[in-house]
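For reference, each letter of the sequence shown is one residue, going 589 to 1828 in the working numbering.
These are calculated hints, taken from the structure and not from any lab test.
Among the clues, some could well be false.
Said to hold, decoys possible - PhoX-like mimics (lysine-lysine), calculated; alpha carbons at most 20 Å apart, straight line:
hint, residue 1, residue 2
1, K1074, K1063
2, K1713, K1732
3, K650, K718
4, K1386, K1397
5, K1732, K1743
6, K644, K747
7, K718, K757
8, K644, K718
9, K1286, K1305
10, K684, K747
11, K683, K747
12, K644, K780
13, K757, K1452
14, K1286, K1068
15, K650, K684
16, K644, K683
17, K800, K718
18, K1649, K1635
19, K1452, K747
20, K644, K684
21, K1386, K1422
22, K800, K780
23, K650, K683
24, K1068, K1305
25, K757, K747
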Amino acid sequence: MPVIPIIMNSKMQGRLKDIRIVFVALLVAAALAVAADGLYFSGLEWRIRTARADAKLSSLEKEAETLLSRTEEAITETGDPALLFRNTLGSEALKKGITLLVYRDGRAAYWSDNSIAFPVIYEQGFDEHKPVFYSNGWFVPVHREFPGYELLALIKVYKQYPIVNDILKSGFNGIFPLPEETRITFDEEETKYHVLGSENDFHFGLVFPDRKPNTTMLILPVLLWLIVIFLLVRLVVLASGWIDSRTDRPAGIPVAFAALAMCYVIILLTGLPPSVESTELFSPFHWSAGRLMPTVGHALLLGLLILSGVRLTFRNGKFNEAWDGKGLKKYAVPGAVMLAGFILFLAAEACFRDLVLNSDISFEAFRILDMTFMSLAGFISVMLLMTVPVILFMRASRMMREWRVAECISVTGISALALPLACLLVPECSLWSMVWVLLMLLAIILWQRRSYSEVSLMVLFSVLTGIYATILILKYSGLKEDRNMKVMAISLANDNDMVAEGMLIDMWPALKGDTVLAGLVSRETITGADISAVYRYLEDGYFYGYWENYDLNIVICRNDSPLSLSATGSEATNCFDWFGSRIRNEGDTITRTGFYFMRNNAGRAWYLSDLYYELTPGVTNGLFIELVSHIKTYLAGYPELLLDGSHQRFPRLRDISYAKYNGGTLVLRSGEYPYDTQIEPGQTEREEYRFAESPDFKHLYYTLGDMTLALSAPRVKTLDRIITFAYLFIVILLYVFALLVIFTRQPRELLKTNTFRRRLQLSFAGVLTVVFIIVITGALMLSTRQFRTNHTRLIREKAESLSIELEHKLSSEKTIEEGWQTPDYPSLNHLLVKFSNVFFTDINLYSPSGRLLATSRPEVFTRKLEGSMIDPVAYGVLTSPGKEEYIGIETIGEMSYLSAYLPFYNEENRLLAYLNVPYFTMQNLLTGETSNLIVTLINFALLFLLLMMWVSVFLSDRITSPLNMIQQAMASVAYGKKNEHISYSSRDEVGELVKQYNRMTDELDESANKLARTEREMAWREMARQIAHEIKNPLTPMKLNVQQLLKSWNDRVPDFDSTIKGFTANQIEYIDNLSNIASAFSYFARLPGANPAEVDVIAQLRTTLTLFGHADNTVIMLDSGNISKAVVMADREHLNSIFFNLIKNAMQAIPAGRKGEIRIGVTAVGNAVQITVRDNGSGIPDEMISRIFTPNFTTKSSGMGLGLSIVKRYVESAGGKIWFTTGHDTGTVFTVEIPLLYAV
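Take these sequences, add in the hints, and give me the full structure.
Below is the structure:
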């Protein structure tokens, strides 16, 4: 009895080897990740950055020396430093972060940058080469002196603005490789990170933030930890497979789930690695759903682990086969899988709902500029969770694919009861979720039963999920906006202006201690001119900028003087007592100030302050300052750069208009919505909150007593919904495609372009996309340029109009000095403020030497946000002969703006000043228009690309449909049947092809008929020859036996009875042989048809091998490598016959006296499984190789020679192929290749 070991050890050994390799890689990756974490949070990066900053400063100092040498050469050559304004040397220096200054005879004669308020008179100390502070930053000076001139190069190392906001950001210059939070210090003891410069002397120190910000070096540890997670999941997968290979039950699956769950629990309990936890993805400030999912990153990680576990579960073959359980088990398992899908879907939807509603992440894709990386990460985490139920539905459908429709519907319906039951418990559950589930189930069932492609299901899933996600996002984003509007309403209902109060807190110490103000007020006699002087002083020094939203009123009186009340026409006997009574009765103190908020119930902010100045004992002058907000507040003309970040209002207040009504009358409004001066009665109902809608806006009315606040926000339009769906569809499609590439065994199949239609589709889509991108890019560039052109034209017109107006006021002047004034205008600034309010733009006037004379926005210069000298490029252009205009781009902090310059002449055509119109008051408008244009073009591009995808599919189908028709017709061409003609009426190239095809089919039919007749005749002849040959072989001995019997009879041989018995036995044997011959030919003529089903090749081989358990002197070995199951679609009996014949032939091919050894191997190659049968026999002679599969051919002394021909026929009926290799006296290898459904 031979030994027949089934070799599974090699498979197990292979998996153990893989486990060891992955485990070692995991340990190495974990060690590297921990080391990278340690390095990241050590001082190594700060030392590297300090060294790079030091090297950069040294390089800039050398560059500054070179620039000064070139400046000296230019001055020596021309003799006039003013000509440097027309040189490109200053622009070249500015690009490198260096400002050039030239002093002649101690006064500034040239400057390359006007953003610095540098000293006009040269100061000593520049030659010390130590950092100096000017206006808005720290500079390292590089000095050079030659006769009559002082040359200075200022290297800006640190920006330090008096105001900090989104436009003005303090920090190191961007040319230094330092984090934004890094501070500068000049105390060597405060930090160990010193910058020395080229002279190797301490310049300044770097104070890095205590909590390390995210830098580029974070990429390495985060990437290593991602590799650790991947290897950990891979290790769990391999371990699960190894456990399954050692047991009959799928014990590895629960072990794998337990391991993945334990990993996540450990992460929740111990926390993430510091480098990973410091990323924005794992910040709970964006979103948190309790301890289970404290951040978006945890949701993403949980989704990946669950998806990995589910994918691992369904690698088990039982879930990929039709479920054949008995009794209740038949319905329980698929029903449980589907029920789990419903429950996980509800959980995923709840997570999605909470993420949209309770996070600060925007998911409204039509607002594309508001989208961030967190928007994509949050959406992908939800998609991971929603993919799990879809996989469960797919597996349940596959398990039920051979059931009756009624059984499928019953199990699905009973499992789906979880949805309405859950919706009863969770009111937030939406009808759209049930619709999505039902449509998705229907799509999966149709896909499973009609064998649609995976791409079709992928597209359908993307469409259904895109629609569902769009509805969910817009619904709950709207609810979140409603909630935010309510919060805004509560805040805005308060008459207090928090921005103004913050500014009053900052202002009060200076105002109270102002000695100049005290001198103006502390006079024995106060005249109207004195009051005007105080008013102008307060307006110029304190209440400018944001305070343009307020009316400023002042009263100066003594403690015993009466007060005339113009509002009522009455008079108060004591000024101090009247203001004191008002403050006591209506005033609320603003902390740390002498200002009071007045509760006047008028719906507007009202502030009052009292300042007292003692002249002599018992005699005191009082200054009462009153600030009352305008009806229209937050004027768009006020630039945001002058408002400190701590005073900013709601970040989305720019998108929302609001109005405040007191007693039904408008008292305050802001924004673009045109509110009525009187509110409609129905809108002042006593309901606290009430929402209403108009065609383009959504309104919230908040009523509190007699006050009603109206907030208005733009409504979501149909186009916004379409755009949102388009973005989500693209993201979901790419996500699903990525999943298929990752999880399918043959991802290259998805990327194949082996069909003409697919290549045509890709060509169409590619060409159209490239053309469209070019068109969109061109449109964007042209539109942006048009915007710039329009704004340039507008600013030019404003500048020219202002020049004309100024001519009326100033053209008679010989010169303009800083002290200019008239009876109507106490200063030149007041004149410019008047024109600024009329033309809604800012105005500056510069002297012919480039020094600032007057401005309508003095706070920009008093706060030293900008230097007091003219822009050097503009100055160089305007001083060039024949140049009368310059319009260019200037910057303040992070904001760029257009600025126009015109020379201003008097009536004698003498240059008085340079008129400058900076356009930063309208920068928001330009930015908004550009942003809207970009959003519109991007949205349009996306919709157009989707349209292009559909057009490419449609056109390719139209173009290839005639080819498909020809292909189908050619595929239907068969021997022995009437081939139909193709009907095609067009007379094009395809028509000619069809005509030739029809001709060829006619000729083919005629040839087939002739060939059929010939083949029939040849078949009859061959069959007759074969039958005659096979019958003749036993007839010859039969004839000899009869002749021998006759001779024995004639010779009267003794013991004739025994002769008769031997004769009878021989004849019966020969007759049986003839019967076998007839049966064999009959069987070959009527081989049974195939009945294909899913069959495990390895299991069938094991079954076949049991038939050879009694073969002598032969060892049969089966090796399936790492494959435990290989499922094909074939007839089970045919497979058994294939294996039986091949193994039998292999055994018979082994010569007598040789120890037989037959090796059977199973391997997966691409989309097929290969079964090899290798023997150590004598091999097949060369002259017999070509006829090995011919019927009735055999190399043996017995048999009909039909075995291998039947094997070949069975293999081909299963869609496979068979071949062999042989060697003389080394054996033969037969290989059978059959299409593979899946392997485990």
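Please write out, lowest number first, the hints stated earlier that are contradicted by the structure. Violated: hints 2, 7 and 17.
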